[in-house]
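**Student:** Using the sequences and the hints given, assemble the complete structure.
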Amino acid sequence: MTDLPTPPVSPPPMAHPLRFTGSTAGYFRLWLVNLLLSVATLGVWSAWAKVRTKKYFYGHTRLAGSAFDYDTTGWVILKGRAVAVAVIAVWSVLTGFAPLAALPLGAVVFFGLPWIINRGLRFNARVTVWRNVRFDFQGSYGRTLLYFFVLIIPVYMTGLLGLPWLQRARSRYLTESYRFGTAPFHLTADLGEFYAAYLRTVLAGVLMLIPAIGIGVGLAVGLDGSTVLDSLNSDQAAGVTLVAIYAGIFVLTATVLPYLRAQILALTLNGTTLGGSATGRLHRFSCTLSPVRYAWICLSNLAAVAVSLGLLMPWATVRLHRYTVGAITAHAAEDLDGFVSAQETASGVISSEIMDLEGISVAL
Amino acid sequence: MPSDPGPTVDGVFYPAGTSRPLAATLTATGGTLSLTAGGLIRPVPDGFRVSERLTGVARALTLPDGGRFVTEDGSGFSALLATCGHRDRGGLMTRLEQRGRLVMVLLVALTLLLVLGLRLMIPAASHWLAHQIPPAIERQIGRGTLTTLDHGLFSPTTLPEEEQRRLSALFNRLRDTAGLPPEVTLEFRQGNRLKANAVALPGGPVVLTDEMVALIPQDDALAGILAHELGHLHARHGLQQMIRSSLWLVSVTLYIGDDAGLSDLVSGSTLALIDSGYSRDDERDADTYALALTARAGFSPGGLADALTALRSTCRTDCDSGSLLSTHPGLTERIEQARPR
Ligand SMILES: [Zn+2]
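Those protein sequence lines, which keep their order, are chains A and B. When you line the first sequence up against full-length UniProt numbering, it's residues 1 to 364, in that order. When you line the second sequence up against full-length UniProt numbering, it's residues 1 to 341, in that order.
Everything hinted at is true.
These stretches of chain A come out as covered by chain B in the derived footprint (C-beta under 8 angstroms, 3 or more residues):
(1) 13-27
(2) 30-44
(3) 54-60
By construction, these hints were calculated from the structure, which means they are not laboratory data. Source: prediction; values computed, not measured. Note that the Cβ used here is the ideal one computed from N, Cα and C, for glycine as well.
**Tutor:** Take a look at the structure:
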C-alpha cells in the first residue's frame, strides 16, 4: 500500500495453509434446523438449506485469515430449482411416453449437456467470493464437448488405456478455465504421475478383491457342510450370494474411487499456479492429502451414516471437509491484495440445479 | 462530524472488485449507517445488501457500487442493524440452531405426523387414481409387465393344447359369471422360480404356471385359485399397488432429500414393509370374492380351501410366520376363512 520501490530480491513465497474453523456440533445444529424446515415446508426450504449449508462451509474455510463466501440467496436457488425440476419432468415424460423420440432426444442431451455443464460451473464459480473477488469459469462449449463426451469414445475403444491421459486433459482444461477475478490458473502435471495414480488404484482394487474372494470362497466351503444353506431354499441362497456380490462391489467402489479422487486432487493442486500479479510471479498450491487416509474416511463415513440412519451425516461431512481443507496450502509469491474482479453477474442457476438434481458432478 | 457517535463495528473494507483490505469502521448514527475506510467517511446509501447470519461466520455488507465491508464481530453487527431498523437476515435461523432439543422434538413429531398422514392419504389416492385409469391403458400396463416377466422369469408352457383349451373354458366361465370383459384372458407359462403360482396382471391376462396345474389337478380347486385372481383384477389391486409404491417412493425420496443418497438403501425393503399391510387386506378381499364367485359359477364351495391346503404342503418354512413380512397372510389363517361352514 506504500510507494516504496520494489526490492531487488523478491521475498520467498509465503505459505498460507487453508483452515476450517467450523465444528461438528455447529453444523449438526444447522443441519437439524434445515431438516425440520424442509420437512415442514414439504421440501421448499431445501433451497435455503442449500445456501445456508454452503455458506457455513465456505464461511468457515479461511485462507490468509479471510473466509470464502457463497454469495447467493435461497430465492435464486429456488427459482433455478423450479425450472430445473420442470425441465427434468418434461424430459422424463417425453422419454417415457414417446419412445420413438428417444434418438433425437438423446442427441439433444449429448449436445445440450456441455452447455448446461459450462453454465452450471460458471454459476458456482461466480457465487464463490474471497475477500471481494469472485471466481469465474470460462470453459468453451467445444472443449467441454470434446473432453467430457467425445474423447471418451476412443478411450473406450483402446480398452481404457488412454483414461489417465484423458483425466489429465480434463483436469488441465478445467483448471485453466477457472479464473480468480481476472487471474488465470495454470496446470503443469506430469502424464506419468497420472498413469501411476491409475496403476496404484487398479492394484489397490485387485489387492482388495483377493481377501474379498477369499472370504467368499471360505464362506461357501464352510457353509457347504453345515445346515445353514440347507435351511434356505435355492431362491434365498441365490439372494444371499447376490447380496454378497453387491456388498463387495459397493465396498470396492466406496474405497477405490475416493482413493483415486484424492490422488487426482493432489496431483492437480500440486501442479496448479495462479498468475495475474503485477510482478508476473506465480502463486502456487500444494496438497498433502493421503489417498489411503482419504479413502478410509470416505468408507467409514459411509458406514457411520448408514448405521446411524443418516444422523451422523453432519459429522461425516465435517470430517471429510476438515481433512481435505487441512491438507491444502497456498504459497503466495507476494501479498494477496492485488486481485481484481471481472464485473460479471452470476447467471446459470438453472443449469447448476439441473446438474445437482441429476447428480452430474464435474469437479477437480 | 456527527456530534453523537452511535454504536460502531470494526472490520475491513474491500473497494469494489478488489482483494485489498482497508481497515474500516461501520457506524450507526441516528438510524443511518456510515462507513469509515482509508481515512474517508461516506454514508452507506440505500440498496446495500447484508449477508445472512451464521454462527462463527464473518458478516458482510455489500454497497450498491460493489464495495464490501466484512466484520468478524457478528453480535456487534446484529446490534448495529437493529438500531437502524434493518432486518437481520438469518437471525431467526441462528436462534433456532441454539435450541437443538426443541428442534429434535419438533422434527420427530412432524415426521410421525407425516408418516401417519401419508399412510391414510396414499392408499385412498391410489384407490381413486387406479379407478381413473382407462381400461385400455391398464391393459397396456399389464401387457408390458407380462413382456418383462417373459424375459426374466417365465418360460413357455409345456401343457398340451387340449389341457390349455379345457382350462381356458373353465376360466372363461368364471370370467363371464364375474361380468369381466372378454379381453381378460388366461395365459399359461412355466413358473420356474415362481413355482406353483397364479398372477393377475393389471387389466389383462391372468398367468397360471404349469407347476400350479400339476400341483392342483382338481377343477374345483383350480377354479378357487383363478377366482381369487379375478378378485384382484376386479378390485384393480395390481394397479393400486403399483401406484401406492411409486407414491411412497416419491415421498420417501422427497423427505430424505437428494444429497443423502440413502433413498436407494431405503426404497426396496422399507417400502415392501410399509405396503405389506395393504397387500394382506387385498388377499383377504380376493379370497372373499373368490368364495362368492365360485359359488355363483357352480363350483364346489371347498375348492379354494383345498387349493390353499395343497399350496401349504409345498411350503418349507415361513408360510404362516410370514404374516408381517410376506405379502400373503398366513396360509393357515386363509384356509380357515375359506372353509365352507
Ligand atoms: Zn392373491
